[in-house]
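*Asks:* Chains as they are written, first to last, in the numbering used here: chain Z, -10 to 202; chain C, 1080 to 1405.
Mixed in with the good hints there might be a few duds.
Claimed, not checked - With the Cβ distance kept under 7 Å, some of the chain Z side facing chain C (calculated, not the full set): (1) 66; (2) 89; (3) 101; (4) 102; (5) 103; (6) 104; (7) 107; (8) 174; (9) 176.
Simulated from the structure, these hints should not be mistaken for laboratory data.
The model shown is predicted, which means the values in this text are computed figures rather than measured ones.
Glycine residues also receive a C-beta, built at the ideal position from the N, C-alpha and C atoms.
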Amino acid sequence: MAKNNTHSSHEDQQGSDQGRRDFLKKSTLLTALALSPPALMSASDNKWDEKIAGYMEKVPLSLEINGKQQNLSVEPRTTLLDLLREQLDLTGTKKGCDHGQCGACTVHVDGERVLSCLSLAVMQQDTKVTTIEGIANGKKLHPMQEAFIKHDGFQCGYCTPGQIMSAIACVKEGHANSKDEIREYMSGNICRCGAYSNIVNAIEDVKEGGKLS
Amino acid sequence: MKNFQLVKASSPQSAIATKAKDNAASFIAGGTNLIDLMKKSVTAPDKLIDVTNLDLKKIEDLNGNIRIGALAKNSQVADDKDIKRKHPLLSLALAAGASQQIRNMASVGGNMMQRTRCPYFYNTDMPCNKREPKSGCGALKGFNRMHAIFGASDSCIAVHPSDMCIALAALDATVFVEGPKGDRKINFTDFHRLPGDMPQKDNTLEPNELIVAIEIPDNNFTKNVHYLKVRDRSSYAFALVSVAAALDIKDGTIRDARLAMGGVAHKPWRLIDAENYLKGKPANAATFNEAAQLSMKGAKGYGENNFKLTLAPNSIVEALTIAASK
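Kindly generate the complete structure, drawing on both the sequences and the hints.
*Replies:* The following block contains the structure:
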């Protein structure tokens, strides 16, 4: 998939080119503003129609992410995953395969677990998105996060945000009534380290603890 | 991914009219297959028509017939109380497909429209008559372990990938579509087609038609049903072979039967001869073995998938045995 930027946010955070990134962000926005006729920009109340979408490279998008209202401008081809990671620096949600095969990018949209890599950001208008960054209560970890630590439900940790988001939904859906059912309903989250048995134990613990319902 | 316009449709009519104006436009609902295909440049629409705001999400009981809106989510249908009670085979088939994340996104109509997972179709460096007509079929003499044993042609030996559709084919469902020329109904078993010399055409939809609903007629297949999916891992993988089996058994005798296979053809493979044989017979191993043998008429392997010639009849026997034991 084509990326909006030629460099990743991961490199940015570690490197010294934060200034360059900010410049790119601002200059891109300014360019978009400069290229958009004033009459068209007034369409940003999200009632943009076919004609306007055709003229504008980016389209307006309003949604709530981790309880915070976001009024954004995105290219139609931007996935929810890329929006989170590249535009909003919410890099807790991981890009694994980017093709819907691994589950590392799992987030909740309106309370349901979905794959952010196969979701177009522009189609999430007025939704409520929750990512791994949005589940702790201040400094107090979410019960599922605590259970993953207690049961050693990870090794390298790359799949863990997706596993935890999927696990929370699995319990809330009522699909965590046995180890077999947990395995079946967690099968969309792949763990190459093979922490599966500990992940199942963590989910079972949370389900039995009754803290999620 | 190539950039595109996105248009939000407010009614089926406006969606159809918008698509009719643009040859390179495509409808999008859940997007779980289309976005992937666009990322891999297998398809590159100029315009996506987002139909997710249309009022087509309901599951209704219409005098015994169950009508499912085309935008009902796969997870919604799988967990629906009426579906579980009246058509448990459909619920089982849906739960066997993909993962819960994908089922939460994927619509019923989109599931029907998903493309084959043949690796030659997905790899734009390879020949594929389905992706690029007249470029050849890479799978015919290539890696064809996942491929068809029924109804294939020299142009294409790809298989249809859905689980849901196998159950709907078995349950005599009807597809309701709207298009520029009006509304029409299509028998589910006529919706998908065999490849022939036009494998680029997966189904019998006319240009710019939109699926709006499917309907399942009332039946007695509420108990002795099973969806058996044989695959390389126990979950979250496409079928090597799958079997949708539905029996209506009274006092050990089969009164009625429905049988369809997945993973073996370019469309859900309904087994009418075997169904007819099963009717009136005792529900036992001898009957199931004979039905399985009848089902294999015309089967042909292409090398790596020869194992399906044995796996398919064994799976039929297994599915019927489990269904009868419930």
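*Asks:* Are any of the numbered hints broken by this structure? If so, which, sorted upward?
*Replies:* none
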